[in-house]
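Chains as they are written, first to last, in this note's numbering: chain A, 160 to 569; chain B, 160 to 569; chain C, 38 to 374; chain D, 38 to 374.
Hints in this document: simulated from the structure, not taken from any laboratory. Fair warning: there could be bad hints in the mix.
Claimed, not checked - Distance condition first, Cα-Cα at most 20 Å in a straight line; then the derived SDA-like pairs of lysine to any residue:
| # | chain 1 | residue 1 | chain 2 | residue 2 |
| --- | --- | --- | --- | --- |
| 1 | B | K360 | A | P177 |
| 2 | B | K446 | B | L231 |
| 3 | B | K360 | A | P284 |
| 4 | B | K360 | D | S88 |
| 5 | B | K164 | A | K164 |
| 6 | B | K360 | A | S167 |
| 7 | D | K84 | A | G479 |
| 8 | A | K360 | C | R89 |
| 9 | A | K164 | D | S88 |
| 10 | D | K248 | B | A554 |
| 11 | D | K84 | A | P177 |
| 12 | B | K164 | A | R454 |
| 13 | B | K164 | A | G455 |
| 14 | B | K360 | D | N60 |
| 15 | B | K360 | D | T147 |
| 16 | A | K360 | C | S88 |
| 17 | B | K360 | D | R89 |
| 18 | B | K360 | D | K302 |
| 19 | D | K302 | C | F332 |
As the list claims (entries may be wrong) - Coverage of chain C stretches by chain A, computed from C-beta distances (three or more under 8 Å per stretch; other residues unrestricted):
| # | segment |
| --- | --- |
| 20 | 92-100 |
| 21 | 129-135 |
| 22 | 143-154 |
| 23 | 290-304 |
We put the beta carbon where it would ideally sit given N, CA and C, even for glycine.
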Amino acid sequence: MPERKPLSFHVPEPAVRPGGTPDFSDVTVPRAGSVRRPEVEADPESIRDLAYSIIRVLNRESEAVGPWAGLLTDDELQQGLRDMMTLRAFDARMQMAQRQGKTSFYMQHTGEEAVSCAFQRALDPGDMNFPTYRQAGLLIASGYPMVDMMCQIYSNERDPLKGRQLPIMYSSREHGFFSISGNLATQFIQAVGWAMASAIKRDTRIAAGWIGDGSTAESDFHAALVFASTYKAPVVLNIVNNQWAISTFQGIARGGSGTFAARGHGFGIPSLRVDGNDYLAVHAVAKWAVERAHRGLGPTLVEYVTYRVGAHSTSDDPSGYRPKDESDAWPLGDPVIRLKNHLIQRGVWSEARHAQREAEIMAEVIAAQKQAETHGTLHSGPKPSARDMFEGVYAVMPPHLRRQRQQAGY
Amino acid sequence: MPERKPLSFHVPEPAVRPGGTPDFSDVTVPRAGSVRRPEVEADPESIRDLAYSIIRVLNRESEAVGPWAGLLTDDELQQGLRDMMTLRAFDARMQMAQRQGKTSFYMQHTGEEAVSCAFQRALDPGDMNFPTYRQAGLLIASGYPMVDMMCQIYSNERDPLKGRQLPIMYSSREHGFFSISGNLATQFIQAVGWAMASAIKRDTRIAAGWIGDGSTAESDFHAALVFASTYKAPVVLNIVNNQWAISTFQGIARGGSGTFAARGHGFGIPSLRVDGNDYLAVHAVAKWAVERAHRGLGPTLVEYVTYRVGAHSTSDDPSGYRPKDESDAWPLGDPVIRLKNHLIQRGVWSEARHAQREAEIMAEVIAAQKQAETHGTLHSGPKPSARDMFEGVYAVMPPHLRRQRQQAGY
Amino acid sequence: MARKSMVEAIRDALDVSMGRDPNVVVFGEDVGYFGGVFRCTQGLQQKYGTSRCFDTPISESGIVGAAIGMAAYGLRPCIEIQFADYVYPAYDQIVSEAARLRYRSNGQFTVPMVVRMPTGGGIFGGQTHSQSPEALFTHVSGLKTVVPSNPYDAKGLLIAAIEDDDPVIFLEPKRLYNGPFDGHPERPVTPWSKDPRGEVPDGHYVEPLGKAAIRREGKAVTVLAYGTMVHVAEAAAAETGIDAEVIDLRTLLPLDLPVIEASVKKTGRCVVVHEATLTSGYGAELAALVQEHCFYHLEAPVLRVTGWDTPYPHAQEWDYFPGAARVGRALQAVMEA
Amino acid sequence: MARKSMVEAIRDALDVSMGRDPNVVVFGEDVGYFGGVFRCTQGLQQKYGTSRCFDTPISESGIVGAAIGMAAYGLRPCIEIQFADYVYPAYDQIVSEAARLRYRSNGQFTVPMVVRMPTGGGIFGGQTHSQSPEALFTHVSGLKTVVPSNPYDAKGLLIAAIEDDDPVIFLEPKRLYNGPFDGHPERPVTPWSKDPRGEVPDGHYVEPLGKAAIRREGKAVTVLAYGTMVHVAEAAAAETGIDAEVIDLRTLLPLDLPVIEASVKKTGRCVVVHEATLTSGYGAELAALVQEHCFYHLEAPVLRVTGWDTPYPHAQEWDYFPGAARVGRALQAVMEA
Ligand SMILES: Cc1ncc(C[n+]2csc(CCOP(=O)(O)OP(=O)(O)O)c2C)c(N)n1
Ligand SMILES: Cc1ncc(C[n+]2csc(CCOP(=O)(O)OP(=O)(O)O)c2C)c(N)n1
Ligand SMILES: [Mg+2]
Ligand SMILES: [Mg+2]
């Protein structure tokens with residue numbers, strides 16, 4: 160029997176911790192326009208490289224370049240900018256509302272606005288997102304009323320979810336936004352099931368699943384890939400890699416894997432990586448994947464490379480686990496500024512118009528907030544009734560719940 | 160909004176069903192000796208091809224050829240043959256014992272003997288297998304007494320597991336054989352945890368996880384790959400692809416993936432595919448993977464390509480879902496015959512000696528069986544006591560269990 | 038009206054439901070081509086095609102997770118978990134998702150899904166083919182839990198479960214698949230075809246969820262049972278000669294409390310029986326309810342006769358199983374109390 | 038002796054255990070560098086290194102599965118599930134594997150593992166940060182289940198749990214992390230540092246598993262409670278002026294039945310309280326046991342005051358929470374019965 164050296168235990172560590180100098184030298188950023196655009200019918204085996212690169216459209220001069228450019232009109236781009244700016248203003252106001260005690264909890268999207276805003280514009284009506292808690296851009300870009308979002312956040316009398324759900328756990332069937340679960344990853348396989356149902360019914364609708372980098376470690380991620388691969392489900396499986404899972408850097412979930420997108424290869428699923436801070440790139444890749452699903456070509460896995468600029472949630476303080484200025488060093492920039500600069504570069508936008516739009520949007524958000532607050536906030540004003548607490552557990556209230564409701568005095 | 164064609168639902172189907180002519184034309188069998196043997200330190204990215212081929216050593220002329228040949232002495236090969244023949248004889252007797260009502264259940268290994276028998280011989284003492292129910296070869300090759308196996312199968316008074324476990328769910332810490340669970344895949348991540356513990360303690364022991372093709376769909380498969388990848392655990396993760404999961408062909412678990420081994424690529428884990436019916440190839444690949452683990456190079460994923468010749472278990476009849484003669488058409492042959500022929504080709508074995516050995520082994524097995532049966536069989540003779548039923552739930556029996564035992568009259 | 042085994046009755050219920058409603062889909066491990074390891078789905082793929090009845094990967098969480106997505110879409114999946122012992126990988130999807138989706142989305146998304154699974158012991162299945170996990174579901178708000186005890190009920194309750202707009206856990210006592218079982222393994226098995234209780238009407242009918250059935254009227258003591266234990270309780274009554282009223286709960290949640298209350302108020306005594314382990318089993322809930330609602334009528338404590346608080350052993354199966362003798366002793370004990 | 042919050046007491050228990058036994062390892066989501074979202078593991082990685090305390094991928098089944106393998110190896114993993122609401126993905130590993138490994142291997146492999154998790158509501162956490170799943174563990178043979186109600190117990194019980202040779206589910210009432218809570222959210226929070234019950238001895242000590250504590254002696258009625266509800270029950274006794282004996286169970290399994298029996302036989306009345314949903318909650322087991330063992334001493338039915346049978350709502354948190362007023366009404370009801 161051979162002499163063996165003692166083993167040692169390996170735990171991945173991020174490049175820097177608080178006190179250190181931010182360092183993203185391990186993030187290789189390819190030139191915008193440099194990654195090829197295969198046909199949607201391409202054999203997954205022939206496009207494995209796309210999981211190891213980053214598809215980018217906007218270059219440093221704010222031009223849209225390369226094979227993934229050219230899909231959106233100026234109007235559409237301006238609308239995209241508006242969506243992202245709205246989400247950012249919405250975040251600012253709701254974050255503050257939480258600090259003011261008007262609700263218990265909030266989660267921001269700062270830095271990640273392009274991902275959900277651009278994706279939504281690639282879907283057809285009737286398609287269904289299965290989002291996590293960091294994709295409110297899907298709702299904003301699909302025209303869901305901000306007031307309704309706020310009423311949900313405030314758990315007030317007009318909360319469409321009757322106060323039952325944690326703030327930001329929206330649900331809107333009509334707007335293609337599946338009810339958010341607080342449990343990570345569970346909805347990823349549900350998206351696949353929904354897509355399978357559409358195929359079983361020979362309908363035309365597709366589904367989009369959403370998951371964070373950290374949550375790809377959950378078992379349901381695997382279930383989703385297995386089922387999507389086996390039944391060639393018409394689904395787009397989106398991984399938002401914002402580098403962090405609360406205090407845990409993405410290396411803990413990614414392990415020895417090159418990228419999260421590469422996880423799709425073991426399933427024969429076309430897997431792409433895209434600059435998540437580039438509205439045009441996100442939209443182009445989303446269109447490509449959505450097209451595959453609609454054409455019956457099966458699932459696509461997309462990894463959005465982005466950065467969570469804010470805290471994980473209002474319960475979190477990132478200064479405990481990463482350098483304070485890390486987000487400034489993030490090499491992919493800010494999605495709002497990048498799209499703004501592109502529009503300016505195209506000559507259809509200006510700093511002045513941008514500032515004006517910012518003010519307009521903020522006014523809209525504040526107006527919506529005022530309106531929402533007339534219906535109450537978490538601790539003051541009108542609220543959902545305790546009676547509502549007993550409703551909706553079942554389609555028809557069973558006797559034991561009726562008894563309990565009576566006992567509770569409602 | 161574009162006009163969309165209706166989607167359609169895709170369910171993979173095996174090439175043939177009962178009544179059809181067996182067809183393995185989709186199984187590409189590379190020439191023996193044709194697959195390269197990289198250094199164990201090789202970068203996983205540089206050896207992706209090994210997950211899409213089949214490493215083979217024994218050619219049609221029964222010669223051992225290529226870079227994976229040459230590891231075993233004639234004595235070791237003869238011992239290997241003996242192990243496999245013993246397992247086959249053991250299977251035959253126990254299958255019959257079940258038919259005779261001496262126990263409730265049995266599962267055979269026919270056609271898959273090389274996988275576990277050859278793997279065990281690549282381990283060091285102290286290493287730990289986390290097997291499924293179809294790796295009794297690990298026990299046989301490690302010298303665990305057949306009588307003890309049989310007493311477990313009979314749930315008799317000498318059953319090391321006191322009658323508590325279903326037949327064949329062996330456990331032997333001493334022989335590096337972790338307690339088998341009836342639940343699929345759960346032990347795959349436990350193997351990784353065990354290996355992590357060895358690394359944490361700076362010991363030298365490694366673990367081997369085992370899973371079937373069908374069971375790779377389970378969530379714990381994913382957990383195992385995630386943890387093994389992140390912590391570079393000293394573990395060999397074995398997938399036994401015997402083409403069937405009860406009545407379900409491997410295409411349902413594999414989906415659009417090229418191979419099961421390819422599932423490792425998304426985790427940066429070196430992944431190899433090997434001819435599971437070739438004792439020499441299995442052993443060589445096992446050695447390679449075990450060496451990686453012992454050298455602290457991290458996990459390896461190995462897919463053994465083999466075929467389940469028998470029924471899934473004594474509760475199953477495969478004629479309901481696959482052609483009766485499918486196993487005859489299996490292109491990788493029979494592991495016992497192939498090793499026998501190799502030894503004959505080497506001039507150290509003969510048909511006569513083989514027949515004699517077969518008889519000897521059968522006599523040994525029968526002797527063991529007789530001995531085991533003196534301690535009882537499931538429905539007759541001495542058995543574990545009902546008192547044993549209450550023991551071992553906890554280290555110390557808590558009061559409520561003591562009360563129940565009393566109530567039961569023991 | 039033909040006699041059917043419980044397997045046939047279940048298959049019939051699936052067939053009837055699939056025939057009436059194109060949204061009913063059936064899937065699970067080995068469920069498609071082969072028709073299930075207990076053959077409950079035999080012939081359905083042939084009749085309705087692979088889009089309506091199909092094999093799945095071995096992933097219970099995937100099966101349930103996909104079914105939830107399908108149900109949210111508008112289908113009515115009736116899925117099979119091969120053994121109740123293997124439902125735990127799907128437990129998160131069931132309790133965190135299926136059970137709460139209607140509530141948390143305020144009715145925008147619902148889960149009309151049935152999760153069928155063989156349950157209980159008595160077939161020498163050991164610890165992983167014998168469990169009775171019903172109490173793990175009755176504790177979860179938003180689920181319904183059903184356990185039939187005969188072919189007629191199995192069919193009628195399964196159709197009701199499929200037509201129900203909420204998730205239903207449907208536990209099939211595998212020891213009853215082929216014939217009734219009174220807890221005496223030494224006696225030959227009588228198939229349902231030789232038992233009048235095997236009569237199952239053709240076509241569509243429904244046994245409403247939440248209604249218990251009195252299997253044996255009696256004045257001395259009420260026995261609350263479900264699944265296999267209904268037959269064991271009847272045997273215990275016969276063997277002890279105690280005039281027990283045996284109530285087959287059929288649905289554990291919602292529970293038919295009025296029938297239970299009326300019976301216990303009449304008899305003044307109550308024994309609860311189930312095969313699952315004692316502590317925190319569903320019998321605890323039943324005992325708690327009975328003592329609360331019938332306190333002033335009780336002449337003796339409510340006793341529970343259940344599986345012991347150990348894993349289900351293989352060799353000692355009949356020491357573990359709460360057979361007619363043990364139930365009989367409890368009947369005697371409450372009568373003497 | 039210093040006063041410590043429950044968080045500090047837990048951290049102290051981990052520190053003491055890691056210091057004494059090199060086989061104790063601590064891991065979970067955000068547990069390593071950052072020290073856990075509730076900061077229970079703060080400083081441990083720094084002190085003991087990344088091999089002893091580390092971050093894991095977000096995979097509860099992976100965390101528990103790996104811990105089982107480690108425990109079988111010979112380590113004593115004490116792992117954290119970030120919220121009890123997220124334990125379900127690991128439920129299979131806990132019930133099918135950890136709970137049964139000793140039994141099925143006849144002691145060859147054992148699982149000396151502790152699974153810590155914050156439990157209970159009262160922090161506006163909504164349905165996924167408020168659950169009390171204890172009954173899902175007490176039903177599983179092979180597990181022990183512990184719920185401390187104060188810093189002293191938290192430390193002593195956690196050390197005992199880590200030193201125990203079997204898997205222990207350790208539920209930490211998160212509403213008690215920083216101070217006692219009597220069920221009145223409108224009152225300011227008193228930190229443990231201002232409460233004499235915050236006294237926690239330094240160094241190693243053990244509170245044995247399976248021993249209840251009488252928190253308030255009384256003659257009129259016995260209240261069985263654990264975790265947050267111990268404080269609520271004490272408040273209810275004070276507010277109603279009913280001479281209740283409040284028993285803090287501390288360990289649900291094994292249960293200290295003798296203490297319960299003695300108390301109920303003395304008082305003749307019993308109210309059981311918990312935050313989990315009513316049906317099949319642990320209160321059902323308690324009520325069933327009490328009526329069985331104290332039948333002839335009971336003057337009134339055992340009542341249960343619990344969370345309602347709905348998911349834990351966000352806005353209606355205080356309508357859901359079984360506060361002192363509701364417990365008080367039950368005390369009055371059993372007194373008047
Ligand atoms: C099953 C489950 N486990 C743990 C948590 C607690 N938790 C909430 S968010 C989070 C981190 C998720 O990180 P990631 O997936 O990267 O998404 P991000 O927050 O970065 O968008 C964790 C661990 C949870 N909600 N659900
Ligand atoms: C969690 C779980 N689900 C389902 C089963 C039932 N079951 C037992 S063996 C088996 C098929 C396994 O197939 P595979 O993994 O290919 O292994 P093989 O039997 O071919 O060796 C199934 C579905 C189980 N034992 N555990
Ligand atoms: Mg993240
Ligand atoms: Mg197989």
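* Asked: Is K360/A within 20 Å of S88/C, Cα to Cα?
  -> Satisfied, since the Cα-Cα distance of roughly 9 Å is no more than 20 Å.
* Asked: Regarding the pair K360/B and P177/A, is the alpha-carbon distance no greater than 20 Å?
  -> Roughly 29 Å separates the two Cα atoms, so the pair is violated.
* To do: Verify the proposed pairing of K248/D with A554/B, using a straight-line Cα cut of 20 Å.
  => It holds: about 17 Å lies between the C-alpha atoms, which stays within 20 Å.
* Does K360/B pair with S88/D here, judged by a C-alpha cut-off of 20 Å? -> Holds. K360/B to S88/D sits at ~9 Å (cutoff 20 Å).
* Asked: Between K360/B and K302/D, does the CA-CA distance stay at or below 20 Å?
  -> Violated, because 52 Å separates the two Cα atoms, which is more than 20 Å.
* Given as covered by chain A, does the segment 129-135 of chain C meet the bar of three residues or more with CB within less than 8 Å? -> holds (count 4)
* Would the pair K360/B and T147/D pass a check requiring their Cα atoms to be no farther apart than 20 Å? -> Distance ~18 Å between K360/B and T147/D Cα, so the pair holds.
* Taking a Cβ-Cβ distance under 8 Å as contact, does the segment 290-304 of chain C have three or more residues in contact with chain A? -> Result for this restraint: holds, n = 4.
* Take a quick look at whether K360/B and R89/D sit within 20 Å of each other, Cα to Cα. => At roughly 10 Å apart (the allowed maximum being 20 Å), R89/D and K360/B satisfy the hint.
* To do: Apply the coverage criterion to the segment 143-154 of chain C and chain A: a residue qualifies when its Cβ sits closer than 8 Å to a Cβ of the chain, and three qualifying residues are needed.
  => holds (count 5)
* To do: Could you grab the alpha-carbon distance between K84/D and G479/A and see if it respects the 20 Å cut-off?
  => OK: K84/D and G479/A at ~17 Å, within 20 Å.
* Hey, K446/B versus L231/B, does the alpha-carbon distance stay inside 20 Å? -> With a Cα-Cα distance of about 11 Å, the restraint between K446/B and L231/B holds, given a limit of 20 Å.
Consistency note: the structure conflicts with the earlier hints numbered 1, 3, 5, 18.
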